[in-house]
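Novice: Next come the chains, spelled out residue by residue.
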Amino acid sequence: MNALKKLFGGNTRQFGMIFALVALIVFFQIATEGRTLTPGNVINLFNGNSYILILAIGMVLVIIAGHIDLSVGSVAAFVGVTVALAIRDWGIPWWAGILLGLGLGALIGVWQGFWTAYVGIPAFIVTLAGMLLFRGFNQFVGKSNTIPVPADFQYIGSGYLPEVGPNTGFNNLTLLLGLLGVAFVVFSELRARRTAKALGAEVPEGWVVVTKLVLICGAILYATYLFATGRPGTSFPIPGLILAVLVLIYGFISSKTVVGRHVYAVGGNRHAAELSGVQSKKVNFLVMMNMAILSGLAGMIFVGRSTASGPFDGVGWELDAIAAVFIGGAAVTGGVGTVIGSIVGGLVMAVLNNGLQLLGVGADLTQIIKGLVLLIAVAFDVYNKSQGKRSIIGMLTQSFNRPSGGTPLQPDEVTSTKETISRES
Amino acid sequence: MTSLDTQGDPVILEMRSITKEFPGVKALADVSLRVKAGEIHAICGENGAGKSTLMKVLSGVYPYGTYTGDIVYQAEVQQFKDIRASEHAGIVIIHQELALIPELSITENIFLGNEPVKRGVIDWAEARTRTRELLARVGLRENPDTPVKEIGVGKQQLVEIAKALSKSVKLLILDEPTAALNESDSQHLLDLMLGLKGRGITSIIISHKLNEIEQIADSITIIRDGKAIETLDVKADGVDEDRIIKGMVGRTLESRFPAHVPKIGEVLFEVKNWTVGHPQVQDRLVCKGSNFFVRRGEIVGFAGLMGAGRTELARSVFGRSYGRFITGSIYKNGKELQLKSVKQAIDAGLGYVTEDRKSLGLNLLDDIKTTTVSAALHKISRHFVVDANKEFTVAEQYRKSLRTKTPSVEEGVAKLSGGNQQKVVLAKWMFTDPDLLILDEPTRGIDVGAKYEIYGIIQQLANQGKAVIVISSELPELLGLSDRIYTIFEGAITGVVDKDEASQESLMKLMTSARKTA
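Residue numbers (my numbering), protein chains in the order written: chain V, 473 to 897; chain X, 551 to 1068.
None of these hints come from the bench; they were simulated from the model.
Hints are not guaranteed to be accurate.
Partial selection, computed: residues in chain V whose CB lies under 10 Å from chain X [as the list claims (entries may be wrong)]:
no., residue
1, G732
2, K842
3, L846
Below 20 Å or equal to it, Euclidean Cα-Cα: the simulated PhoX-like pairs (lysine-lysine) are [claimed, not checked]:
no., chain 1, residue 1, chain 2, residue 2
4, V, K669, X, K893
5, V, K754, X, K950
6, X, K950, V, K669
7, V, K754, X, K940
These numbers were taken from a predicted model, which means no experiment stands behind them.
Just so you know, even glycine gets a beta-carbon here, dropped at the ideal spot from N, CA and C.
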């Protein structure tokens, strides 16, 4: 137990969600007699959930800034049908279709961002209207028909990394990707440690770092193995690749850039942010616009995967994305949340869905279980916070950069009575 | 009902050897408190000394069993399990942050949770009648149906007291009751407390305003570092402010202000004909044609009662972050500035430390280092990417130079005491390297020791050739700190006095009259 604590720098409970994910995978692996961790199933899992995870990336930023976006499913559907129609009727190439889709997403984002940020209508209302509006547009433009897309466009939703180089028995590009991932993790961890040391900050002991790296790299290599040894013609899926790139980009933006800082600042305390020179309207506008662009991308990937656009694409996606973000440790009041956390949250839901399906559990029971998981995960987090610890995922992702322990909040006369009371109870 | 103490005075409350521990800290260690029936008993101590914790133990916020020791109230050992239980016994606590609901009327607030009921339906007629009586008792002339948000903070405080009276209070606890009140409202409140004392209600008051305590308290218990240091009898012991401070900090403060020789240069900032309208009310002006200037190295005080328009003036100058701009111009080194946003103001070398740290000044979710750099991110970033190492180094530098008490700069600001939070806010603005720093109530809610340090920082900034404006409700603070003081009354600047000619009386006169002298 002590060793575990040291390993994760603080409190093991804060890693509940990662453990939950691992435990869930192990459970289903046993319960399904090994059908969970097969190349085919894992690929399927990624393909079938990448668009939700992409939405979760945008959604977490929206939620950190203190808003919510209910329109993502409808926006995705509208962009999907428009792109499908443009390719079919105007004969534009696939890449032009993607550019068109991203552009349309941006345009919708400008619309919603304008109302939210500059008119000051709560995002809940703006995007509730958007949900109806763009669902309507989807059915109006597509005349409620199913519109197929050509094979080259399908590649973004159902393609795989190609086979290149010598025959190693693995997919070489997937292998390369996995090795790059390992190198990246090792490099960044060691660099963070070195700079922390140079600055005189506290660093964890050597064996802690080594164990942590071994665990993470082991997981990456195992995933690589699964993806690289699938049935011929399959390998690491393209949507997964897009997702990975987006996670890297947005993870970086949210934690390391000025814009990212501003998003957290506006969500944490808008007045304080404004009085520090943050242009909160601009920040709100950007997060709403970004969400719409990512919705458009998710819509196109889904159309590519299902080979056609339909009138009911994207129904209920907003709820999946929001659930992923909250399971991943974000706060309803804003200011808290991480991209990685939301991805983990989304994966918990995805694994649950997939595992229950493999077990032959019906859709009814699956929904009940998912609902309970969402409630329990957030309740657990709220409980932890009331004990004075940071959110599970917040701690988790922080510990990648720096060591920090969850010291309990100490009573002082600065925090208001209400906070103190709620902390105590 | 009440027991008698050794001198034969009846004692209403005795807290015996109270010890309260939180994980990792002992907030109260063996604290005893004895309050005589019918007296006003003050509790003094620096922030974090344990005053509020003690009161929370008494009022049942920390229920019986979470502390050790006995509470003897009206000659019985009490075991309050929540606030309701203590209120039932006649102990009512009024917190620093008022617990009124802005949208509800005075009547609804007073009887919230305690509504008079006739046959299962709330009897509003009865409630209104009783509200009128209660308001008369606290000397508040307001319609019982007025929503609480429409009356000022001073009156809201009175509504809280009326609410306490409605619960037939025997022991009234007031936690910093005058912190948000101006002088006249404060005085009214203090008079009211004396009036309640005349009717046999015992009060416990926690306050940082020692002059008020000196004025109304019968006895004073001083708490330091979770321990009760001493209990003073105001009349018998001849207690004055210096005596209280000595007890609070454990030493005599030779001076409450660090020694300072001003090095004043040429005029750096000048504001002319500054007129600003109220953000919501069409015809109301919050600043009326104000003119003022600040010189290099000068600390300029702004004196005015609460609501006089000091904060409004400061915030509207700071990138128009308050109100509707009507006319006015700002000059720096004689050149006119265009400051239409906070960002422009910061870029032009202005800084503004807000009066309300928690709701306007800090993101309580952030840690110290993030806060320190938050107003000048461009200085530690390249191509919009924040350099985490520089961030750490900068925060560490300020932690050392301002002597912020914290285990590390990665600690959350919510965990710091008021004085240390203020140091972090000061660090944030010092890092923007402003030419003009406006400090709005820089020492509000900060204990005596930390105040001294903050004054030192302010003087140091002035000595670096910066222009500093200090807005404060505490006249002794302005007199001790500033080189020149402007007075404001109802949005207009009514006078300017040099340090050597200023006195509390002369300032007060200017702060309460519309006479134009400047």
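Novice: None of the hints should be skipped; say for each whether it holds.
Specialist: Structure-based check of each hint:
The beta carbon of G732(V) comes within 8 Å of a beta carbon in chain X, closer than 10 Å, and the hint placing it at the interface holds. For the restraint placing K842(V) at the interface with chain X, the shortest Cβ-Cβ distance is roughly 29 Å, beyond the 10 Å limit, so the hint is violated. At a threshold of 10 Å, the smallest CB-CB gap from L846(V) to chain X is about 23 Å, leaving the interface hint violated. Note on K669(V) and K893(X): the hinted pairing is violated, with a Cα-Cα distance of about 35 Å set against a maximum of 20 Å.
With a C-alpha separation of about 35 Å, the suggested pairing of K754(V) with K950(X) is violated against the 20 Å cut-off. At roughly 19 Å between alpha-carbon atoms, K950(X) and K669(V) fall within 20 Å of each other, so this suggested pair holds. Only pairs whose Cα atoms come within 20 Å are accepted, and K754(V) paired with K940(X) is rejected, the gap being roughly 26 Å.
The structure does not agree with the numbered hints 2, 3, 4, 5, 7 stated previously, though it agrees with the rest.
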